[in-house]
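Given these sequences and hints, build the entire structure.
The lines below spell out each chain.
Protein chains: 4
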Amino acid sequence: MQQIALNSDLGEGYSVYTLTDERIIIPLIDQANIACGFHGGDPTTLMDSLSLCAQHNVSVGAHPSYPDRQGFGRRSMAMSAEELEACILYQVSALVGLAKIHGIAVSYIKPHGALYNDMMKDEAIFNTVLQAVSKLPNSLDLMILATPNYKDFQEKAEKLGIKLRFEAFADRRYTEEGALTARSQSDAVLSETDAIAQAKNFISGGSPFPVDSICVHGDSPSAIAMVKSIRALIPNEK
Amino acid sequence: MQQIALNSDLGEGYSVYTLTDERIIIPLIDQANIACGFHGGDPTTLMDSLSLCAQHNVSVGAHPSYPDRQGFGRRSMAMSAEELEACILYQVSALVGLAKIHGIAVSYIKPHGALYNDMMKDEAIFNTVLQAVSKLPNSLDLMILATPNYKDFQEKAEKLGIKLRFEAFADRRYTEEGALTARSQSDAVLSETDAIAQAKNFISGGSPFPVDSICVHGDSPSAIAMVKSIRALIPNEK
Amino acid sequence: MQQIALNSDLGEGYSVYTLTDERIIIPLIDQANIACGFHGGDPTTLMDSLSLCAQHNVSVGAHPSYPDRQGFGRRSMAMSAEELEACILYQVSALVGLAKIHGIAVSYIKPHGALYNDMMKDEAIFNTVLQAVSKLPNSLDLMILATPNYKDFQEKAEKLGIKLRFEAFADRRYTEEGALTARSQSDAVLSETDAIAQAKNFISGGSPFPVDSICVHGDSPSAIAMVKSIRALIPNEK
Amino acid sequence: MQQIALNSDLGEGYSVYTLTDERIIIPLIDQANIACGFHGGDPTTLMDSLSLCAQHNVSVGAHPSYPDRQGFGRRSMAMSAEELEACILYQVSALVGLAKIHGIAVSYIKPHGALYNDMMKDEAIFNTVLQAVSKLPNSLDLMILATPNYKDFQEKAEKLGIKLRFEAFADRRYTEEGALTARSQSDAVLSETDAIAQAKNFISGGSPFPVDSICVHGDSPSAIAMVKSIRALIPNEK
Chain A
1 MQQIALNSDL
11 GEGYSVYTLT
21 DERIIIPLID
31 QANIACGFHG
41 GDPTTLMDSL
51 SLCAQHNVSV
61 GAHPSYPDRQ
71 GFGRRSMAMS
81 AEELEACILY
91 QVSALVGLAK
101 IHGIAVSYIK
111 PHGALYNDMM
121 KDEAIFNTVL
131 QAVSKLPNSL
141 DLMILATPNY
151 KDFQEKAEKL
161 GIKLRFEAFA
171 DRRYTEEGAL
181 TARSQSDAVL
191 SETDAIAQAK
201 NFISGGSPFP
211 VDSICVHGDS
221 PSAIAMVKSI
231 RALIPNEK
Chain B
1 MQQIALNSDL
11 GEGYSVYTLT
21 DERIIIPLID
31 QANIACGFHG
41 GDPTTLMDSL
51 SLCAQHNVSV
61 GAHPSYPDRQ
71 GFGRRSMAMS
81 AEELEACILY
91 QVSALVGLAK
101 IHGIAVSYIK
111 PHGALYNDMM
121 KDEAIFNTVL
131 QAVSKLPNSL
141 DLMILATPNY
151 KDFQEKAEKL
161 GIKLRFEAFA
171 DRRYTEEGAL
181 TARSQSDAVL
191 SETDAIAQAK
201 NFISGGSPFP
211 VDSICVHGDS
221 PSAIAMVKSI
231 RALIPNEK
Chain C
1 MQQIALNSDL
11 GEGYSVYTLT
21 DERIIIPLID
31 QANIACGFHG
41 GDPTTLMDSL
51 SLCAQHNVSV
61 GAHPSYPDRQ
71 GFGRRSMAMS
81 AEELEACILY
91 QVSALVGLAK
101 IHGIAVSYIK
111 PHGALYNDMM
121 KDEAIFNTVL
131 QAVSKLPNSL
141 DLMILATPNY
151 KDFQEKAEKL
161 GIKLRFEAFA
171 DRRYTEEGAL
181 TARSQSDAVL
191 SETDAIAQAK
201 NFISGGSPFP
211 VDSICVHGDS
221 PSAIAMVKSI
231 RALIPNEK
Chain D
1 MQQIALNSDL
11 GEGYSVYTLT
21 DERIIIPLID
31 QANIACGFHG
41 GDPTTLMDSL
51 SLCAQHNVSV
61 GAHPSYPDRQ
71 GFGRRSMAMS
81 AEELEACILY
91 QVSALVGLAK
101 IHGIAVSYIK
111 PHGALYNDMM
121 KDEAIFNTVL
131 QAVSKLPNSL
141 DLMILATPNY
151 KDFQEKAEKL
161 GIKLRFEAFA
171 DRRYTEEGAL
181 TARSQSDAVL
191 SETDAIAQAK
201 NFISGGSPFP
211 VDSICVHGDS
221 PSAIAMVKSI
231 RALIPNEK
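Residue numbers (the numbering used here), protein chains in the order written: chain A, 1 to 238; chain B, 1 to 238; chain C, 1 to 238; chain D, 1 to 238.
Some hints could be false.
[What the hints assert, rightly or not] If you anchor each label on the Cβ, the simulated ranges turn out as follows:
id : chain 1 : residue 1 : chain 2 : residue 2 : range
1  : C       : N201      : A       : T18       : 24 to 34 Å
2  : D       : V16       : A       : S80       : 21 to 31 Å
3  : D       : K121      : A       : A182      : 43 to 53 Å
4  : B       : H102      : A       : H56       : 55 to 65 Å
5  : D       : N138      : B       : A225      : 44 to 54 Å
6  : B       : A225      : D       : V16       : 17 to 27 Å
[As the list claims (entries may be wrong)] From the structure, some residues in chain C lie toward chain D, with a derived Cβ separation under 7 Å:
id : residue
7  : P43
8  : E83
9  : G97
10 : P137
[Unchecked claim] For the chain D half of the interface with chain B, some residues (derived, Cβ under 8 Å), not all of them:
id : residue
11 : Y14
12 : S15
13 : Y17
14 : L19
15 : D21
16 : Q70
17 : G71
18 : F126
19 : L145
Derived by calculation from the structure, the hints in this document are not laboratory data. Predicted, not measured: the structure shown is a model, and the values here were computed from it. No residue lacks a Cβ here, since even glycine has one placed at the ideal position from N, Cα and C.
Structure, rendered in structure tokens:
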């Protein structure tokens, strides 16, 4: 049985827009992927999320995105490698600086939304993400989707000295081959019972890929309940 | 005679928008105030400007603004102290991180546009700027307008351990009392001859305030010519 | 007893951000003040809100704002009269065009947030708003805050041939003189019982100002309950 | 010999960003494609450009874009058909309303940048653009790239009752088959002499496609000179 962490995407609301009650979800997780202001969040929100992470000793990852606030970073954008690299470096730098003010060293990067998906299916984009990570002065890990062909990704990352972290989704259906079922499929999201069973499977090493972290959502009372059930399976040692 | 530096506001163009040929102006100055993406510039532009600064050994300052791209940061915004502080910290953090990639340590902050003006005339805003600077881990100086009542500003800054740098404008008319004539006045901008004479006066200590740096613009061939004349008055030692 | 309408601010969410379930609130109101994309909303959201208004025969007003998405239009911005006028005209034009596609003629304008507050306390800004309204080809009314000195506003509006509509807030405390208590005051928001009593008072003409419309919110189940109670006091005839 | 118009992309600067001196270029052209604020321009700029168009009796087209100000609308974005349609309708509506204030009826739509290119090579996107145009209450024409397979586009447009206008570029190299050479090719841009010769060829009907309008740029003194030469070939009758 391997040690698995729980992560969640946070810092994505701003002003009057609230997606999650972070005072509830942050104490339940190990790793917070914090928005960097390009798909959601604003400087005030990021400071608030980082403050909660510091308080609850939660590890922080930067969660950069395509520059698409209107579409919440969920729309692919045809950026040049140079533009995309600069775009990632800017966002991560902003978060690293804000985190430092709270005494936190950002430890990894997890791209958001369409950038995350594009990175998994387009080698050129994955390479650009790796280039960006390799240019940052701190040795940051890169969190990507756990996938059966994870070794292909690992090989490229290792050449640049970057450590990958693999995340899986408790509440999303996987095919027998270990691929994520598209959200557009009617059965893409699992019931709470099935999600908990799947989390157990990840924890016991039953998936066709290694899993370092499970991504959970805190955007509803039922989502919070599920996080609590999964948390109970993996006692954190904080 | 005091040693005076030349500074210029840069990194403010993006995509198809060019304000200055930075390959010409950067070699002529000592300090580049680089936009942080909230009033102008984008990540790619900032990387380009920083690269030129590294190449020409030019000192870099962060040039944060109100979040008003449409108005180029020239319109006051009624932000809360908390919002404004987070807004400054975010921008400076982004630039500090990008600069580090080019081997540059950002050494000071110079607020932009309406934020700069508001800071000079509204004590609460100056205090918020100081609070922001004091929270940054690096000991950054703060560049403000050289003014006869500079000691009032200095006193507040010193309480937080912040060193001020005073800048003056070669080509802007000052009143006899040492106040900047409003841009709306018809005679607010000096001729090239008068600007050079005024720069000489700053250098020889003839102004009613100390001057650490002279702000110059490179947005036209005649502006570049003026910078060259002023540069000749203050040989840099790079 | 005067005929009073119910209005609500809508179209302000976008992408993953939801503020209100508009399918519940729109059938309960007479007038929808629809965001124009500068403080909230995006083109898709506006189309959805307008579609619901068309379906439920709800009158539509344009709800323009300062260009401050990050601050949800709640921060005053020092725009020139020319900038502010163009900014209002752009937003209203966009909404008028989208509404036309749904067979709806926008019938009034209600400025949003800081622009609304500034218009009520700064004569120059009120005049700029009037100028903007007067330049629109359709004869749109202007909705402002019901206030004891409403005649001052009315006089200015009439000179430009603009009809004012006065709105009051059921759930906000008024001083005895008829001024709105600032939100920062601890008792600024009324209990549901008091709000319903205050609505009754507006309807019976008991306030020191005329009231054409009561502004209600639908951002929580209790808010919806309150709207239903107030709706019961003013049967709509749709 | 067919009557051909000259068009130019305008209204794309804002605040301190100037791309063209519109007071020079607008009197030289017949059709102004005016930005709608999503890739360039702001409400004030649009008003200024429209005012010049009214003054010089220049026909106005709406020039909508993907919502990508940072990239000047030059990066493809994976928007859903619903999002893209609403995005176009919003922008065109805004411009239609502002134009009306200047007594101008917008007469056509020309998509900008990446949206323009995508529309020419992706049938689904062209269909979405047509859908948007067909929903607008005014019968607006659609301006697209003149291309040897123009009949394929015309057929689809006619089904929705939309008239196409075909534009060609004087200063861009075409292959013998009539395709535009990619900008990335070293010889993609013609010399002034060749551009004028190519314009003559368009005018005399020598190209393998019909040409209703020639797109010209006014972003440099030499560009203006070229426009004047081409203008001399096609006397306008204003």
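query = Out of the numbered hints, which ones does the structure contradict?
reply = Structure breaks hints 3, 4, 15, 18 and 19.
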